[in-house]
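Peer 1: Required output: the full structure, derived from the provided sequences and hints.
End of the sequence shown = 613 in our numbering, gap-free, step of one.
Simulated from the structure, these hints should not be mistaken for laboratory data. Source: prediction; values computed, not measured. It cannot be assumed that every hint is accurate.
[To be verified] Below, a list of computed lysine to any residue pairs in the SDA-like style, where the Cα atoms sit at most 20 angstroms apart:
id : residue 1 : residue 2
1  : K295      : G310
2  : K390      : Y263
3  : K291      : K612
4  : K474      : G484
5  : K245      : L415
[Unchecked claim] Here are the computed distance ranges between Cβ atoms for each label pair:
id : residue 1 : residue 2 : range
6  : A459      : K291      : 55 to 63 angstroms
7  : I480      : I299      : 50 to 58 angstroms
8  : S219      : L379      : 17 to 25 angstroms
9  : V303      : L216      : 41 to 49 angstroms
10 : P498      : G250      : 40 to 48 angstroms
11 : G197      : Y324      : 27 to 35 angstroms
12 : S421      : I248      : 22 to 30 angstroms
13 : E331      : G300      : 35 to 43 angstroms
14 : A577      : A387      : 38 to 46 angstroms
15 : N388      : S219      : 17 to 25 angstroms
Cβ coordinates follow ideal geometry from the N, Cα and C atoms, glycine included.
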Amino acid sequence: MTLKGERYLSLDFLRGLTIFGMVLSAIQPGGVMPAWMYHVQNPPPTHALDVSVPGIGWVDLVFPIFIFCMGAAIPFAKPSIKGIFSRFGMLWLFSYLYVLINSSNPWVTLAGFAALFPLYMVIKNPLKLAGIGIPVWVVRLAGAVAVAGVITVNHFYFGEVVSEQRRGIIIFLLAFLYLFGSLIWYYTRGKLRLRTLIWLGILAFTIITQQLDWPTVTYANPKIRWWFNVEYFYFLLLLVPSTYVGELIKERLSSGDKYAMKPSGMLALLSGALVVWLTYAFYMQIYWWNLALSGIMVLGIFAVARKFSPQYIPLLGVAAFMILVGALIEPYGGGIKKVPCTIQYCFATGGMAMMLLVVADYICSCFPTSFFTGILEKAGKNPLMCYIAFGCFVFPLMQISGASYLYKLAYPQGMHLVGFLRSVVMVLFTMWVVGLFTRKKIFWKA
Numbered sequence: 168m169t170l171k172g173e174r175y176l177s178l179d180f181l182r183g184l185t186i187f188g189m190v191l192s193a194i195q196p197g198g199v200m201p202a203w204m205y206h207v208q209n210p211p212p213t214h215a216l217d218v219s220v221p222g223i224g225w226v227d228l229v230f231p232i233f234i235f236c237m238g239a240a241i242p243f244a245k246p247s248i249k250g251i252f253s254r255f256g257m258l259w260l261f262s263y264l265y266v267l268i269n270s271s272n273p274w275v276t277l278a279g280f281a282a283l284f285p286l287y288m289v290i291k292n293p294l295k296l297a298g299i300g301i302p303v304w305v306v307r308l309a310g311a312v313a314v315a316g317v318i319t320v321n322h323f324y325f326g327e328v329v330s331e332q333r334r335g336i337i338i339f340l341l342a343f344l345y346l347f348g349s350l351i352w353y354y355t356r357g358k359l360r361l362r363t364l365i366w367l368g369i370l371a372f373t374i375i376t377q378q379l380d381w382p383t384v385t386y387a388n389p390k391i392r393w394w395f396n397v398e399y400f401y402f403l404l405l406l407v408p409s410t411y412v413g414e415l416i417k418e419r420l421s422s423g424d425k426y427a428m429k430p431s432g433m434l435a436l437l438s439g440a441l442v443v444w445l446t447y448a449f450y451m452q453i454y455w456w457n458l459a460l461s462g463i464m465v466l467g468i469f470a471v472a473r474k475f476s477p478q479y480i481p482l483l484g485v486a487a488f489m490i491l492v493g494a495l496i497e498p499y500g501g502g503i504k505k506v507p508c509t510i511q512y513c514f515a516t517g518g519m520a521m522m523l524l525v526v527a528d529y530i531c532s533c534f535p536t537s538f539f540t541g542i543l544e545k546a547g548k549n550p551l552m553c554y555i556a557f558g559c560f561v562f563p564l565m566q567i568s569g570a571s572y573l574y575k576l577a578y579p580q581g582m583h584l585v586g587f588l589r590s591v592v593m594v595l596f597t598m599w600v601v602g603l604f605t606r607k608k609i610f611w612k613a
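Peer 2: Written out as structure tokens, the structure reads:
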């Protein structure tokens with residue numbers, strides 16, 4: 168089984184895998200590896216943005232898969248209106264705080280990381296310390312004061328700039344996507360037709376604003392771009408269907424069938440192979456080969472599902488629709504691109520994320536106690552902490568202890584593969600460290 172309590176472990180696993188990809192893409196050697204190891208629109212060696220280059224690579228899959236995980240988790244969380252706005256505010260705040268606590272002095276960065284615990288840690292109300300009950304709001308206030316103190320020291324003593332422009336764009340964007348996506352889900356629960364109409368409205372809005380070049384207009388205005396970009400709405404083309412997938416999963420789990428979340432090995436293999444093929448085909452820009460072979464593979468996936476895993480057919484239907492439409496319209500508007508965000512990018516990557524969920528179900532069902540399953544699953548349960556743990560906790564400790572010198576030695580000049588493997592090991596170590604917090608039931612939650 169891949170369900171435990173109120174958590175869907177396959178989703179935690181897939182979320183952990185995306186965080187692994189996010190952190191790895193940020194710390195891997197830059198400018199020296201093949202172009203497919205980076206964002207396609209930021210090619211080596213300079214990584215200067217080139218929006219004329221179409222295609223996607225594995226790095227371009229990481230963010231949309233995370234969006235899918237967030238959308239699919241919404242029906243499980245069943246947030247209230249108050250909860251939606253509260254979480255949005257805390258996510259929005261987090262996008263600034265984790266950047267502003269980063270310092271040239273590792274001790275200050277560690278102090279900032281520690282200060283985030285009382286602000287974001289899941290705490291029972293009241294918190295029991297030495298037999299004394301402390302209200303949660305007092306703990307949160309203490310955390311806010313501590314974080315503000317770290318940022319103040321960082322600014323006045325170490326010259327770190329405090330500005331509305333200094334925020335983590337990934338978390339910043341996810342905050343807005345969570346807000347809009349959760350509100351859409353909340354008001355369309357049990358109203359699939361209404362949600363579909365809203366999704367079609369978002370699609371129409373995307374087409375019109377792209378034709379009017381609104382993304383360029385909003386981004387060109389510094390008074391607007393720090394808090395808003397019209398492309399925020401485009402990613403809802405991916406997130407809104409993800410909420411429906413989350414509902415499908417909940418319905419399947421409620422059947423009580425112990426095999427409800429275990430696909431056949433052949434289905435998982437074909438689903439994973441389709442994702443690999445699509446990534447290659449979109450990167451190489453082989454349009455007709457992509458359409459033909461993807462169509463054949465989708466037919467094969469449905470044939471296997473009907474025979475061995477019929478419970479997956481509704482999910483696969485949504486995934487196939489998004490993948491095939493994305494592949495069909497791939498040449499539209501200059502091709503599939505993450506930057507600027509295109510319709511085909513949201514469609515294709517959303518469908519690929521759904522296919523990867525099938526793979527995650529198989530892995531979590533067949534190898535629930537393996538090292539890699541455990542490390543990714545536990546990191547996926549603690550995404551906020553895991554996202555910043557390397558830069559705000561692990562690396563500052565390495566600087567203080569002198570281990571950062573050994574880290575540099577582990578990348579001999581010219582041995583780029585060794586440098587990449589060094590990065591892989593460090594990300595896995597970071598996720599293992601976060602897993603220690605998770606095992607102790609220490610979670611951060613916006």
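Peer 1: Checking against the hints above, which ones are violated?
Peer 2: none
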